[in-house]
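Q: Place chain B on chain A using the hints.
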Amino acid sequence: MGLFTKAKPTETTQKLKESYFTASQGQLIRARFKSNRTAMVAGWALTIMILTGLFAPFLSPYAPSMAGRDKQYVNGPPQIPKFWDENGFSLRPFVYATKRHRSMKTNFRWMIEEVREKRYYVQFFVEGWQYSFIDLNWDLPGELFDVDIETLTFKTHLFGTDRGGLHLFGTDNSGKDIYSRTLHAIYTSLAVGSLGVFIAFVLALVIGGVAGYFGGWIDSVLQMITDAVRTIPPIPLFMALAAFMPDEWSAETRFFFIASILGLIGWPTLARRIRTHLLSERSQEYVLAAQLCGASSGHIIRKHLLPSFTSYIIVDLMITFPYMVRSETALSFIGLGLVDPVNSLGALMQNVSKADVLLNYQWYFIPVIFFIAFVLAFVFVGDGLRDASDPYSNVKK
Amino acid sequence: MLKFLQFTMVRAFMSMFTLLSVSLIVFSLMELVPGNCAERYIAFKNTQGQLITIEDIQAEERRLGLDKPFVIRWGTWVGKVFFKGEFGDSCILRLNINQLLSDKFWISLGIALSALIVSYIIAIPVGIYSASTKNKFANNALRFISYLGLALPNFLLALIIMLTSTVLFGDSLTGLFSKEFRDASWSFAKFMDFMSRAWLPIFILGWSATAFAMQTVRALMLDEIGKLYVTAASARGISGRSLLWRYPARHSLGPVINSLGFDLNRIFNDLPVVALILTLTEAGALLIEALARSNDQQLAGAIIFLLTASIVLVNFVTDILLALMDPRVRQGLVG
Numbered sequence: 001m002g003l004f005t006k007a008k009p010t011e012t013t014q015k016l017k018e019s020y021f022t023a024s025q026g027q028l029i030r031a032r033f034k035s036n037r038t039a040m041v042a043g044w045a046l047t048i049m050i051l052t053g054l055f056a057p058f059l060s061p062y063a064p065s066m067a068g069r070d071k072q073y074v075n076g077p078p079q080i081p082k083f084w085d086e087n088g089f090s091l092r093p094f095v096y097a098t099k100r101h102r103s104m105k106t107n108f109r110w111m112i113e114e115v116r117e118k119r120y121y122v123q124f125f126v127e128g129w130q131y132s133f134i135d136l137n138w139d140l141p142g143e144l145f146d147v148d149i150e151t152l153t154f155k156t157h158l159f160g161t162d163r164g165g166l167h168l169f170g171t172d173n174s175g176k177d178i179y180s181r182t183l184h185a186i187y188t189s190l191a192v193g194s195l196g197v198f199i200a201f202v203l204a205l206v207i208g209g210v211a212g213y214f215g216g217w218i219d220s221v222l223q224m225i226t227d228a229v230r231t232i233p234p235i236p237l238f239m240a241l242a243a244f245m246p247d248e249w250s251a252e253t254r255f256f257f258i259a260s261i262l263g264l265i266g267w268p269t270l271a272r273r274i275r276t277h278l279l280s281e282r283s284q285e286y287v288l289a290a291q292l293c294g295a296s297s298g299h300i301i302r303k304h305l306l307p308s309f310t311s312y313i314i315v316d317l318m319i320t321f322p323y324m325v326r327s328e329t330a331l332s333f334i335g336l337g338l339v340d341p342v343n344s345l346g347a348l349m350q351n352v353s354k355a356d357v358l359l360n361y362q363w364y365f366i367p368v369i370f371f372i373a374f375v376l377a378f379v380f381v382g383d384g385l386r387d388a389s390d391p392y393s394n395v396k397k
Numbered sequence: 398m399l400k401f402l403q404f405t406m407v408r409a410f411m412s413m414f415t416l417l418s419v420s421l422i423v424f425s426l427m428e429l430v431p432g433n434c435a436e437r438y439i440a441f442k443n444t445q446g447q448l449i450t451i452e453d454i455q456a457e458e459r460r461l462g463l464d465k466p467f468v469i470r471w472g473t474w475v476g477k478v479f480f481k482g483e484f485g486d487s488c489i490l491r492l493n494i495n496q497l498l499s500d501k502f503w504i505s506l507g508i509a510l511s512a513l514i515v516s517y518i519i520a521i522p523v524g525i526y527s528a529s530t531k532n533k534f535a536n537n538a539l540r541f542i543s544y545l546g547l548a549l550p551n552f553l554l555a556l557i558i559m560l561t562s563t564v565l566f567g568d569s570l571t572g573l574f575s576k577e578f579r580d581a582s583w584s585f586a587k588f589m590d591f592m593s594r595a596w597l598p599i600f601i602l603g604w605s606a607t608a609f610a611m612q613t614v615r616a617l618m619l620d621e622i623g624k625l626y627v628t629a630a631s632a633r634g635i636s637g638r639s640l641l642w643r644y645p646a647r648h649s650l651g652p653v654i655n656s657l658g659f660d661l662n663r664i665f666n667d668l669p670v671v672a673l674i675l676t677l678t679e680a681g682a683l684l685i686e687a688l689a690r691s692n693d694q695q696l697a698g699a700i701i702f703l704l705t706a707s708i709v710l711v712n713f714v715t716d717i718l719l720a721l722m723d724p725r726v727r728q729g730l731v732g
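These protein sequence lines map, in sequence, to chains A and B.
Counting along the first sequence from 1, when you hit position 162 you're at 162 in the working numbering, and nothing is skipped either side.
Counting along the second sequence from 1, when you hit position 317 you're at 714 in the working numbering, and nothing is skipped either side.
So here's chain A without its partners, still in its complex pose (with noise of 0.2 Å):
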């Protein structure tokens, strides 16, 4: 994509200009979106995230919860696969075996060992625990909305040693593996963002079209309703909400209750642009055409309006996202969210809050890597995606 390359001699530069003037809106953001390097990174590493949550199972050697903890091995280090040491080279990189120990010189506190004489080779495609990728099992208050689907189990990993599996990023306080943790709640933390975004989208889409495309004084008093619950600080709001939450709940009625909390209150924002919008677009010809023509207010708002401004919601999607998937976290952190069973990245960093870990046990605070780079990545991606969508970004002003 030569686009906006300086120009070049005579006939090249006619073509370019050519296929400029002919191209639709969707290559033209496509190409600019290309020359941002920052947001083409991003991009590249938000897919590769993406695409670990989603096959979060395979990829890990242990399952995530209380089943899949290790006791031999309870707050030990990362075990970094090797190619080589003292007793020789391999080709196939190992991990060595294990053992834990306590006594009066450690204070009590167990103690792990690397036996280095024995190796644990690593085995790509291993037997491991079973899972699903479709496994549907919502305990959702009235027995109606009961679900329990389980298809497509598999029992191949991706990786494992002949001895069942190893901790790349160490293991916590119960020996459950970070590594297949951390993958597990960047699927949750998509979940929890991917379901507030879609329900705070159906509100800003339904309440922002009506008062745009109404206007008048339908306009001012949803208006003045976006405005109040703008004011209202979201956190302590849901801290509020959250609180309530009975004890008893299961883990995913409490993810929904999370989710929609976060939609329920996300929307105002999103809700303000689409109004401005359509207010703006709904005194142009082509609407006017389309009254005349006797098509109904739902038909143009849905055939003609949103058209117009796709990629201007798309973008403010991406844009919210990152805020969602960042309130559930310190939800979750302070104990108000998604609690431990479940793998979010709020529940992982709660483990850190402690000198404790900081003093021995530092791989804890691996998650919390990945949840800054996930939440960089969103917003890079959310801003390349913004600055291309925006036909004057490249007219210099």
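Be careful, since some hints might not be right.
Beyond 10 Å from chain B on every Cβ pair, some chain A residues (computed) [unchecked claim]:
no.: 1; residue: Phe83
no.: 2; residue: Lys118
no.: 3; residue: Ser250
no.: 4; residue: Glu252
no.: 5; residue: Val287
no.: 6; residue: Val342
Derived EDC-like pairs (lysine to aspartate or glutamate); straight-line CA-CA distance at most 20 Å [what the hints assert, rightly or not]:
no.: 7; chain 1: A; residue 1: Lys82; chain 2: A; residue 2: Glu117
no.: 8; chain 1: A; residue 1: Lys105; chain 2: A; residue 2: Glu117
no.: 9; chain 1: B; residue 1: Lys533; chain 2: A; residue 2: Asp383
no.: 10; chain 1: A; residue 1: Lys71; chain 2: A; residue 2: Glu114
no.: 11; chain 1: B; residue 1: Lys533; chain 2: A; residue 2: Asp387
no.: 12; chain 1: B; residue 1: Lys533; chain 2: B; residue 2: Asp620
Listed below are several chain A residues computed to face chain B (Cβ distance under 7 Å; list not exhaustive) [to be verified]:
no.: 13; residue: Ala228
no.: 14; residue: Ile235
no.: 15; residue: Pro236
no.: 16; residue: Ala295
no.: 17; residue: Leu376
Worth flagging that the hints you see were computed from the coordinates, not collected in a lab.
Quick caveat: nothing in here was measured; it's all calculated off a predicted structure.
Even for Gly, the Cβ is constructed at its ideal location relative to N, Cα and C.
A: Coordinates of chain B only, in the frame set by chain A:
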């Protein structure tokens, strides 16, 4: 002048309306959560070993006026809050909420506002520099830092600072007062002690606020800097800092002032989380206590209402300020 007065009145009226709708939203949400004040109190008493019957609950409900319809209860609540500044009693603690909150609320507000001011003191010059500089490296570094301000959540920053200081200095920097001042009444010495400890929460809260403010200032400056009046001014021989500060900076100030209220909103968002980590005894931490331990909806409603009210007040003040400062806004009022 008369027009201006009229504008102020309209704004004040609108702020009141916003507050009313906020109170309605907050009140309804507090109603929606399962269980009411009477049940909670009685359940609490139950754990203390007293045997409780349905009649007791109903009597308690009548005493609290919970048997009246929703609108009337909301009306009485709002009326008390607006005209007397009374939030009633807390559900569980059975204490007057005003007494419970007053000091804590003012301290929280003070910390939040200081964080806001600090963030703009940093963000305005740095944002203007970042928009006008030709130095690519400095620009990219500043942008990266401001993005990090978004991605590195405040609670994480608080945690890192706290843990580091525990390990390095043996003092975890938590709390707002030293031991000897905790229950003392306000004095100069107590104030100094407070200031020597409050910088940490102010810094942590200001961190991401600064990042946001910097991005706003930078974007606004970039919009203004290429405009013709700037070119005209530089053609008249004004250059460098005086050009930047006298022309584009003044124009971009308006939207910045406008966004103050929402920045405060954002700071309030982080307040409870940071407060929990630093275990400060302010409304934020109290909010968590009130909510997580005893489900005290009366207290929670009061706190959220107070926070929102201060945001609405800031919005009102900035609206007036804007009209005073910007002749274009004033013109809009008259015309």
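Q: A separate judgement is required for each hint: does it hold in the structure or not?
A: Each hint tested on the structure:
1. Phe83: holds, 34 Å
2. Lys118: holds, 35 Å
3. Ser250: holds, 16 Å
4. Glu252: Since the minimum Cβ distance to chain B is about 19 Å, Glu252(A) lies beyond 10 Å and the statement holds.
5. Val287: holds, 28 Å
6. Val342: Holds: least Cβ distance 18 Å, greater than 10 Å.
7. Lys82(A) to Glu117(A): Roughly 14 Å separates the two Cα atoms, so the pair holds.
8. Lys105(A) to Glu117(A): Violated: Lys105(A) and Glu117(A) sit about 24 Å apart, past 20 Å.
9. Lys533(B) to Asp383(A): Status holds; Cα separation ~19 Å.
10. Lys71(A) to Glu114(A): Given that 20 Å is the threshold and the Cα spacing comes to 16 Å, the pair holds.
11. Lys533(B) to Asp387(A): holds, 19 Å
12. Lys533(B) to Asp620(B): At roughly 18 Å apart (the allowed maximum being 20 Å), Asp620(B) and Lys533(B) satisfy the hint.
13. Ala228: This hint holds: Ala228(A) lies near chain B, its Cβ roughly 4 Å from the closest one there, short of 7 Å.
14. Ile235: Hint holds; Ile235(A) Cβ to chain B Cβ min 4 Å, cut 7 Å.
15. Pro236: holds, 6 Å
16. Ala295: violated, 34 Å
17. Leu376: Result: holds, 4 Å to nearest chain B Cβ.
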